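**Student:** Chain order of the listed sequences is A and B. Read left to right, the first sequence gives residues 1 to 198 (the working numbering). Read left to right, the second sequence gives residues 199 to 333 (the working numbering).
To be clear, the hints were calculated from the coordinates, so they are not data collected in a lab. Incorrect hints may have been included.
Below are the SDA-like pairs computed for lysine to any residue, each with C-alpha atoms no more than 20 Å apart in a straight line [as the list claims (entries may be wrong)]:
| # | chain 1 | residue 1 | chain 2 | residue 2 |
| --- | --- | --- | --- | --- |
| 1 | A | Lys109 | B | Asp307 |
| 2 | B | Lys328 | A | Asn74 |
| 3 | A | Lys180 | B | Glu269 |
| 4 | B | Lys229 | A | Glu152 |
| 5 | B | Lys306 | A | Arg115 |
| 6 | B | Lys303 | A | Glu110 |
| 7 | B | Lys219 | B | Gly283 |
| 8 | A | Lys81 | B | Asn333 |
| 9 | B | Lys330 | A | Ser118 |
| 10 | B | Lys290 | A | Thr183 |
| 11 | B | Lys302 | A | Phe150 |
| 12 | B | Lys302 | A | Ala112 |
| 13 | B | Lys303 | A | Asn153 |
| 14 | A | Lys137 | B | Gly268 |
| 15 | A | Lys191 | A | Leu26 |
| 16 | A | Lys32 | A | Ile174 |
| 17 | B | Lys328 | B | Glu310 |
| 18 | B | Lys288 | B | Gln331 |
Please read all numbers here as calculations on a predicted model, not as lab measurements.
Chain by chain, the residues:
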Amino acid sequence: MIKIKILITLPIILLAFISCQEKLPLDKDLTKKTYQLINQDSANVTFPEVIKGHITVMGFIYTHCPDICPLTTNNMYLTEKKLKEQGIDDVKFVELSFDPDRDIPSVLKEFANIRGISFKNWMLLTGEKSIVEDLCKRFDVRAIKTDEEFNENGEPSYSMMHTDRISLIDENGILRKNYKGSTLNFDEIIKDIKTLKD
Amino acid sequence: MKILLFLLLILFPPQDNIKIKDAWVRPSSEKMSSALYFTIENTGESADTLFKVDSDIAEKVEIHETYTEGEMMGMRKVDFIAIPGKNSFKLKPGAHHVMLMKLKKDIKDGNEVKFVLYFRRAGEISITAKAKQPN
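Bound conformation, chain A alone (with noise of 0.2 Å):
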């Protein structure tokens, strides 16, 4: 009888566990190498370290970009507001800039300011370059300068061909989904972070 009962009862978890991992499509380890730093209030980080235990959305932006990011970080932001209307309040926002030499703490700060974003759940990451550009490709994020251009006084402007991404990263650091940042699907979003917290 036991054995009948578990013929019957695995197939039903197996079922139930390859549709969870459909669901989630990715299941890339980050925590396989470290990245340094530095936030929003210039304090040294350890990624992934900084989120682990925690599910986080992570985007990535440049703060110069006058459309699409601004459209991602709002994403991010109504993402978190949903989330709290659900009774969810232990997300992780991490936003991280693949445009390093603009985008130093003070910049990030006052980005996420004006914006009226919270640091309890949220932070701004910047680093060295060769060190973003590493952690940009463990998320297969690509971004490329377009239009450089200099003014009177010699300082550049310009824009960036990027990678138009948000990713979904479970509490142990293991990438989990990758998401259109500036076009999210919120409900699909918030369901995904529902089947991990489950």
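Chain B: place on chain A using the hints.
**Tutor:** Same frame as chain A, but now just chain B:
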């Protein structure tokens, strides 16, 4: 000269077939970038063209479009936006927008910012856009 201009205005008055609706601008900080969005309604029979936007708010103001190449997104300058007669055109996030580069001061939520839009037929149209975050 003034009489000539007066006569030209009488003979060829600027058309008021262009209406600007729902203008808003994204909050951002001094020295950073922002974007202006609005809807152009052309109620006339003929097409018109938006070819320039001016404002004191930024060092540089340009008409741009956002484009996608695979998973990558970028922006590029466009010379004009044509609006066929009896049609409308929406400048919106992730598409055409007016890019404001190197802001001269902060644009905070609720602030009002003035712009002048230049159309081939309708001439100059002054607008005020309110700063807000999209919901």
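**Student:** Give a verdict on every hint.
**Tutor:** Checked hints:
no.: 1; hint: A:Lys109 x B:Asp307; result: holds, 17 Å
no.: 2; hint: B:Lys328 x A:Asn74; result: holds, 17 Å
no.: 3; hint: A:Lys180 x B:Glu269; result: holds, 8 Å
no.: 4; hint: B:Lys229 x A:Glu152; result: holds, 15 Å
no.: 5; hint: B:Lys306 x A:Arg115; result: holds, 9 Å
no.: 6; hint: B:Lys303 x A:Glu110; result: holds, 13 Å
no.: 7; hint: B:Lys219 x B:Gly283; result: holds, 17 Å
no.: 8; hint: A:Lys81 x B:Asn333; result: holds, 11 Å
no.: 9; hint: B:Lys330 x A:Ser118; result: holds, 18 Å
no.: 10; hint: B:Lys290 x A:Thr183; result: holds, 13 Å
no.: 11; hint: B:Lys302 x A:Phe150; result: holds, 17 Å
no.: 12; hint: B:Lys302 x A:Ala112; result: holds, 19 Å
no.: 13; hint: B:Lys303 x A:Asn153; result: holds, 19 Å
no.: 14; hint: A:Lys137 x B:Gly268; result: holds, 17 Å
no.: 15; hint: A:Lys191 x A:Leu26; result: holds, 16 Å
no.: 16; hint: A:Lys32 x A:Ile174; result: holds, 10 Å
no.: 17; hint: B:Lys328 x B:Glu310; result: holds, 5 Å
no.: 18; hint: B:Lys288 x B:Gln331; result: holds, 17 Å
In this structure, none of the earlier numbered hints is contradicted; all agree with it.
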